[in-house]
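Listed below, chain by chain, are the residues.
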Amino acid sequence: MGLLDKEFSDGNIVIAKVDDLFNWARLSSVWQLGFGLACCAIEMMATSMSHYDFDRFGVIPRNTPRQADAIIISGTVTLKMALRIKRLYEQMPDPKYIISMGSCANCGGPYWEHGYHVLKGIDRVIPVDVYVPGCPPRPEALLEGLLKLQEKIRNESLRKKSA
Amino acid sequence: MYQYFYDLTGNTIIATLIVAVFPLVNVLLVALIGVYLERKVSAWIQDRIGPNRTGPLGLFQTVADFLKMLQKEDATSTEIDSKLYNIAPVLVFTGSFAAYAAIPFSSKLIGSEADVGIFYVLAISSLVVGGILMAGWASNNKYSMLGAMRSAAQIISYEIPTAIIVLSIVMFTGTLSLDKISDMQTASFWNWNIFGGAELGLTKFLMIPFMFIGFLIIFISTLAEVNRTPFDIPEAESELVAGYFTEYCGMKWAMFMLSEYGNMFAVSAIVSILFFGGYHSPIGYLGNSIGVEWLIPFEQAFWFLAKGWFFILVQMWLRWTLPRLRVDQLMSLCWKYLIPYAFVNLIIIGIISLL
Amino acid sequence: MKSAEEIFDILKKKFGDAVLSLDKDTPVEQIISIDPLKINLISKYLRENPELQFDSLMCLSGVDDANGIKVKDAEGNEIIEGGTLSVYYNLHSVSLKHKITLKVSTPRNDPQIESLEKIWKSANWHEREAFDLIGIKFLNHPDLRRILMPYDWDEFTEEISRHPLRKDYKNPEFYQGMKVPY
Amino acid sequence: MALKTEHMVLNMGPQHPSTHGVLRLELEIEGELVNKVTPHLGYLHRCFEKHAEAMQYNQVVPYTDRLDYLASIGNNFGYALAVEKLMGIQVPERVEYIRVIMAELQRIASHLVAIGSNGADIGALTPFLYLFRDREHILSIIEETCGARMLYNYIWIGGLSHDIHPDFVRKTKEFVNYFKPTIVELDNLLSFNKIFIERTANIGILPVDTAINFGASGPTLRGSGIKFDLRRDDPYSIYDRFDFEIPVGKGLMGTVGDCWDRYNVRIREMEQSLRIIEQAVDNIPEGDVQSAIPKRIKPPKGTVYKRVENPRGELGYFIISDGTVNPFRVKVRAPSFVNLEVLGELCKGNLVADIIAILGSIDIVLGEVDR
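Protein chains in written order, with my numbering: chain A, 3 to 165; chain B, 25 to 379; chain C, 238 to 419; chain D, 229 to 599.
If you are wondering where the hints come from, they were derived from the structure by calculation, not from laboratory data.
Misleading hints may appear alongside valid ones.
Sample of chain D residues facing chain B (criterion: CB under 8 Å; computed from the structure) [what the hints assert, rightly or not]:
#1 L231
#2 M236
#3 S246
#4 P290
#5 A348
#6 G351
#7 T354
#8 L357
#9 N421
#10 I423
#11 F424
#12 E426
#13 R427
#14 V484
#15 K576
#16 V580
From the three backbone atoms N, C-alpha and C, an ideal C-beta is built for every residue, glycine too.
Extracted from the complex, chain A is given alone in its bound form (with noise of 0.2 Å):
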């Protein structure tokens, strides 16, 4: 399990069919770990209430990391979190994505300058997959962030890269 670590030299027809079977399924399925860091969590979490509904693109709420395919890192990240977040990446299976929503995850929003505790910018400690800008962003803007991700999925491949 875990095929995407296992890749293929040349680029067949099967394998590229193969492929848009897997990413269809992968970008299908996102299942979200659901822990909520700060004020984004809130609107995260009303992304997945009655309005917006998060559940149409397949996305729900897993708690435990085992079982989540990306962390929705809502909110500003201090150091003392910092550490646990990245423990929580790693106990994730692959394949595995992240978004960063919100300034305070991307780079430290309000807080850059004074924030003596806060961390500016997640991809500081874990590689980010797609940033939604917003202090915090609405709903609409994370089902956004979830679409590009979906496109980024859709394009992965089980093909050795080449140069």
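The hints should help you fit chains B, C and D onto chain A, whose structure is shown.
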């Protein structure tokens, strides 16, 4: 069933294969449709739309989930007891899958027409407890451990009222065979056990209230046996993260999920066999009235599935409406209320049957 | 209902020198200054005296007064030497509905104040916070640890970046391998 | 010979579904029984007080939004009142009315999340979604006024950032009429649900004197049966003009001060907020909402402690001004921070499942606890 397919195909191997594969297909279908329905039903209850991007009406959502889980890395902690950890999901799945062997889908579609069908189902489904305990222990995670302990206590306790109610039905019908129990309730819904069985007379009318009580008790306790809300404390999300399968990912976790939905259908099937006529139609058969003999088994399968799915929907409805009980309240509900009532019910049904 | 002057008179009569002064200049709040090592006795009296009944500690704020001399240390950082750190207590009586603000000041190089944890439980975390962010030591506190900053903050940082709310605080470059400044 | 036993230490959080953010609880458990709860804070310490010292007075307002992010307007309100008191600004009537309406709308929105997540912790997920749906109505009313959904920067020192929308009064009335039956529906669905009562009644009982000694405030204090509400007992703004009641815990389902009481106080408070809105919305006087905003905010030297009744309790701002344009020190007395301290006391001897019920009934927001 074997005989039926042997007559149909004239080949022992094909007949055996069909007989063996049918329940597996059914379990997979139940899980596939069940997960989709769960999400849709919850969405409807919660004023949402639910999955609608994958295929028409989001019908392929579960397929996508399943394919995705196939691709997931098998990430495990280094501290696990890997033997038990790997066996546990298989055991849990086996427990729920094996129960299907004795469940009659129609008069022809039954894996094994064992004379001790109901006894077998009760016994084999206890295998699940072992698997859950193993999963909780081997994960080396405190949440898993707590979840497994809760689950073991819960399933074992709730087997008692289930067994007592089953016993009262066995006493009433005089057989352990699920096939025969179903066959006694034929012709019309008025003959179902919940309406006092097929024999007309005073006993039938005396029986009705006690049969209703019996049905309620067995429905509640089977609900608890398959860990559904309001009895989902072993996997209580807000307390124990994900309970005994916290550490499982990918396909191993999918097996737990499969067995959960498999179990849901199994207990719904048992309830409908014991009280609601099993595969028998409530209104008579089309095959009989137009004289097409071979249609009848298919009609029976339809009614059986319909009844099973009806109870699954009730389970979902409950899940998305009710809060969760606490572990001690769960135990006191079982030992202080369900078991005494079930006993009294058993005695009264026994006395009425003697009349 | 008692005004700050009346309360000051009551305290002055009872405790004498431990009650230092009543600051009337501030436009809004009137503040009674108190000896940092007697604050627990006075608080106990304030809570238990039937005329006062200050049964609730609304707020406890540690403040760096920054009234010392600014000097450069060996590495060229500007630090403050001498002067005081202060703690303000905002008390309130739920039953009598009057309020009072107390203030204690303690020298910056050895800041020590008696803990009020025994008198108002709510002081516990507030004092931990003042210890964490300002660096005031509360005597007889049952559990004086950092509360907001990481427990191992001291291990990874210099002396000057121990207590973030001091006016001469300087950000550390790294904490556990993570870059702290932008 | 007695067997040697060891307590299991269970770490709940910082990533846990029911710690309402990034709180970490260290539970010492014996089977399912909890012997000791130690909260560990600081996973969301965003250095508000340092920022406040570095910013000018009016620049601090957006940062106050992010303290209790579920009740941003309440935070703005308290801060603006504190600075206004320091500077001696009298704000126009119209501003006062709009502030009160907005604060009460925000209180309802905040309680909706509190109640919903309390239910969700206990396993009733559906009411949570219903309440979020209702919250969207409030958010859209406020959004129409000031353009933001959650963090508004709406109440400025001496005024407001925007005047209300022409449709505001009609929409607010519509909302009040829509929301009244919803509370009844909520009562039927969750409050008087047998299982919910079983889970919350007689759990986590907080006696009045303990509550006061711990400095608890808001619904946590009133759940213990004492009528103490700053809107009534230390009136600010124009709250003394309105007629409303202060709901307190009466022990309807168990003992006074249990989780159900605290939960119920929140629901009844929403009803009272609706009453205040109804009274205020018809009487908004005409005027300019920005006329009293000072050109340059430079308060005189001095200290001020101003407190307001936020949805979670007494929110106090302690501000020291040294006569410059930057505050010398701003300390926030956050209601959740103080209320959370009670948790250790309440949880002793309860089961693991009760911990989350108690935590939900205290209703903390980590942005405010850690600041």
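Quick rundown of the hints versus the structure:
1. L231: violated, 18 Å
2. M236: With a closest approach of 6 Å, the M236(D) hint holds.
3. S246: holds, 4 Å
4. P290: violated, 33 Å
5. A348: holds, 7 Å
6. G351: Holds, about 3 Å.
7. T354: holds, 5 Å
8. L357: holds, 4 Å
9. N421: For N421(D), the interface hint holds, since the closest Cβ of chain B sits about 6 Å away, which is under 8 Å.
10. I423: holds, 5 Å
11. F424: holds, 5 Å
12. E426: Hint on E426(D): holds, closest Cβ of chain B at ~6 Å, below 8 Å.
13. R427: holds, 6 Å
14. V484: Where the cut-off is 8 Å and the nearest Cβ of chain B is about 21 Å from V484(D), the hint is violated.
15. K576: violated, 17 Å
16. V580: It holds, given that the least Cβ distance between V580(D) and chain B is near 6 Å, below 8 Å.
Checked against the numbered hints above, the structure violates hints 1, 4, 14 and 15; every other hint is satisfied.
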